[in-house]
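Starting from the structure of chain A, add chain B where the hints point.
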Amino acid sequence: MKHVLSGRGMLEAVLMGELPRETTGSFDQVIRQRETQVLRTAFRILGNWADAEDVAQEVFLRLHKNGLKFENEAAVGGWLYRVTVNLCVDWTRSARTAQELPELPSPDRSAEAAVLVEEEKQRLMAALATLPTQERAAVVLREIEGLSTAEVAGVLGSSEVTVRSQISKAMVKLRGILNREEV
Amino acid sequence: MTERHMQDLFREMRDEPVPQDSLARVRLGVEQRVGRKSWWKFAVPLAMAGCVVAGFLLLRPAKAPLPVEQPATPEVAQVVIPPPELPIRTVQAAPRPKRVRRPQRVEGVPVSIRIETPDPDVVILFVN
Chain A
1 MKHVLSGRGM LEAVLMGELP RETTGSFDQV IRQRETQVLR TAFRILGNWA
51 DAEDVAQEVF LRLHKNGLKF ENEAAVGGWL YRVTVNLCVD WTRSARTAQE
101 LPELPSPDRS AEAAVLVEEE KQRLMAALAT LPTQERAAVV LREIEGLSTA
151 EVAGVLGSSE VTVRSQISKA MVKLRGILNR EEV
Chain B
1001 MTERHMQDLF REMRDEPVPQ DSLARVRLGV EQRVGRKSWW KFAVPLAMAG
1051 CVVAGFLLLR PAKAPLPVEQ PATPEVAQVV IPPPELPIRT VQAAPRPKRV
1101 RRPQRVEGVP VSIRIETPDP DVVILFVN
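Protein sequence lines correspond, in order, to chains A and B. In terms of the numbering used here, the first sequence opens at residue 1 and continues consecutively. In terms of the numbering used here, the second sequence opens at residue 1001 and continues consecutively.
Just chain A, same shape as in the assembly (with noise of 0.2 Å):
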């Protein structure tokens, strides 16, 4: 049976069995389709991108490893999840983080305005580093990455009362942070 499939039809293909696993190409795509998430991920947790690289490529050599053996999408989403934050934890442990200030840019908006909301997003991101790592990893993967408290707490391996717990007193931290930095 041949395929001719490109793009999400083949990475749907290979997660559906119907195609041999492990195959370069399909791994190309499932790199093409996270590396945002992995990347954003971990310099959101690490604090600066030469980090956030060395994890990422990590994650994806782990990914490379395990084989393709999910059960659907949102399964190696889950996973990658995963192993980036535990990667995350791992270097914060061994103490290798240069903390540098994000450099994003900016969507469109009046030239005052984006440079006060990058001040303020700056100052977050600090405030965020300070905090230990796996509330900080609840924060990001919640509040920035956009997952549910059950999917977060499947990712960190805890219950969903613990990352609402975790989550709540992260962000009674950030505010006091933040709020003595503004007095």
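To be clear, the hints were calculated from the coordinates, so they are not data collected in a lab. Remember, predicted model here, so these are calculated numbers, not experimental data. Take these hints with a grain of salt, some might be off.
[Said to hold, decoys possible] Here are a few chain A residues that face chain B, going by a calculated C-beta distance under 7 Å:
no.: 1; residue: Glu35
no.: 2; residue: Glu53
no.: 3; residue: Phe60
no.: 4; residue: His64
no.: 5; residue: Leu124
no.: 6; residue: Ala127
no.: 7; residue: Ile144
no.: 8; residue: Met171
no.: 9; residue: Leu178
Each residue gets a CB set at the ideal place from its N, CA and C atoms; glycine is no exception.
Relative to chain A, chain B alone:
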């Protein structure tokens, strides 16, 4: 800063694009490291297969050399010349010289050997 405001800022961060050069570095790094591992993954089986083939070639029984085709010779009318008939000579084997038995030596009896030479005046005598 309120919690609502923080959540808005977080949501904006979600939509921010990731630097293309960072993505390119990740892709390149993964490609290089996966490629390197793949090379090793294939190198060992290939080397083993090479050893098996080499062993097979060295240990296989020697075959008879293939017949070499002679170049075709032009057809020439052949005349068979019978060999000249020679008289058949029968050669008889030379008779074996008869062995001369030594005379048995008897204890106490003197043995004498007399050898005659071509010269009738000379006779050699051995006396025991």
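State the violated hints by number, sorted upward, taking the hints as numbered earlier in the document.
6
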